[in-house]
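> What follows is each chain in one-letter form.
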Amino acid sequence: MTETVPSSAQSPAPRGKRWPYVLPLVILLALGGIFAKRLLDVENGVDPSLIPTVLLNTPMPSFDLPALPGRGEALKSDDLKGQVFLINFWGSWCIACAAEHAMLLDIAASGDAPIHGVDWRDEPALGLKWLTQRGDPYAKVGQDPQSKTAIAFGVVAAPETFLIDKQGVIRYKQTGPITQEDWHKKIQPLIAQLKK
Amino acid sequence: MKRLIPLFAALLISGAAFAVEPSEMLKDPALEARAREVSKQIRCVQCQNETIDESHAEIARDMRVLVRERILAGDSNEQIVGYMVDRYGDYVRLQPRFMSSTLILWFGPLIFLLLGGLAVASRLKRGGDAAEPLTPEEEAALASLNDSGEKAP
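Residue numbers (my numbering), protein chains in the order written: chain R, 1 to 196; chain F, 1 to 153.
If we strip away everything but chain R, and leave its shape as in the complex, we get:
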């Protein structure tokens, strides 16, 4: 045992030395704050698993997709120059696309902008059946069996929809089904603005 024990050892620790005990509490509270914010974000509809779009305001990738057999022409990026349009990635295997379908029919009926479809990773016959059974909102539909165009657009999961302007630049990206609110508050006004 050492003999050099300071006389203050019996009394409470001096004020200056309390911080090592307070620090963990401060860190805990700070972490708690961060976790609470992230949880509230999720509650408010901010999905942390969404990957931010880097392609916004960049020229859309070029593509040349074969048509569904017996349905119209091929979907080529070169043919779409000069028009404002939506391009929607879907597939007959995609459950969320079924939920979005009525909205797409509404958009097509509004006549605001054509929707072109990319039937992604699908059997052409099943894609065609889907359109005959549920109604066909698309101007042109192209097939993308190996995800070439989907990857070029940075698509993660169907449905995803991009709004392209007259210069062929991506102006908006919708991840997941378009809701009435998305359409009326964001996409429709943006289309009107881009068509000017």
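Derived from the structure by calculation, the hints contain no laboratory data. Check before you lean on any hint, since a few could be wrong.
[As the list claims (entries may be wrong)] Straight-line Cα separation of at most 25 Å, BS3-like style, residue types lysine-lysine; simulated pairs:
| no. | chain 1 | residue 1 | chain 2 | residue 2 |
| --- | --- | --- | --- | --- |
| 1 | R | K195 | R | K173 |
| 2 | R | K148 | R | K129 |
| 3 | R | K185 | R | K195 |
| 4 | F | K27 | R | K148 |
| 5 | F | K27 | R | K17 |
| 6 | R | K185 | R | K196 |
| 7 | R | K81 | R | K148 |
| 8 | R | K148 | F | K40 |
| 9 | R | K186 | R | K196 |
Only a predicted model underlies this, so the values are computations on that prediction, with no experimental measurement involved.
Since the structure of chain R is already known, use the hints to place chain F on it.
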């Protein structure tokens, strides 16, 4: 028992799971090795914590095929990763790039190690609280405990 050794050996090897199917592989082993290397740098966009090399998601499969096509077309490894980053953002790099928003990822562990080291160092400097001698009352209490302990059995 000896006949089972190859089986155990095979089990050990298969521990390294990967999703690449024989039909996807390139014929040239050197190019295939490059494809594997690039695939291990790219994060699957659907499963988030897997590389496209490990993932069984369909999009990961298509990305692996694309990696191999780019290699055959003569792209460098950096060009291929760059192609994915241009479309999916820095997110697809499994190893985060060194930039202002990722500094905490790179230096966080070091900072915590430093904080812990400082705490330990300051403890050692003070000689530790255990160096305090017992008070006379405590000495007496200890002595009585020791005595009773000896008598017990």
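> Are the hints correct? Go through all of them and say.
Against the structure, the hints come out as follows:
1. R:K195 to R:K173: holds (17 Å)
2. R:K148 to R:K129: The given pair, whose Cα atoms are some 23 Å apart, holds under the 25 Å limit.
3. R:K185 to R:K195: Cα-Cα ~17 Å, so holds.
4. F:K27 to R:K148: Cα-Cα ~22 Å, so holds.
5. F:K27 to R:K17: violated (67 Å)
6. R:K185 to R:K196: Within the cut-off at roughly 18 Å; holds.
7. R:K81 to R:K148: holds (20 Å)
8. R:K148 to F:K40: holds (20 Å)
9. R:K186 to R:K196: Roughly 16 Å separates the two Cα atoms, so the pair holds.
The structure fails to meet hint 5 from the earlier list, while all remaining hints are met.
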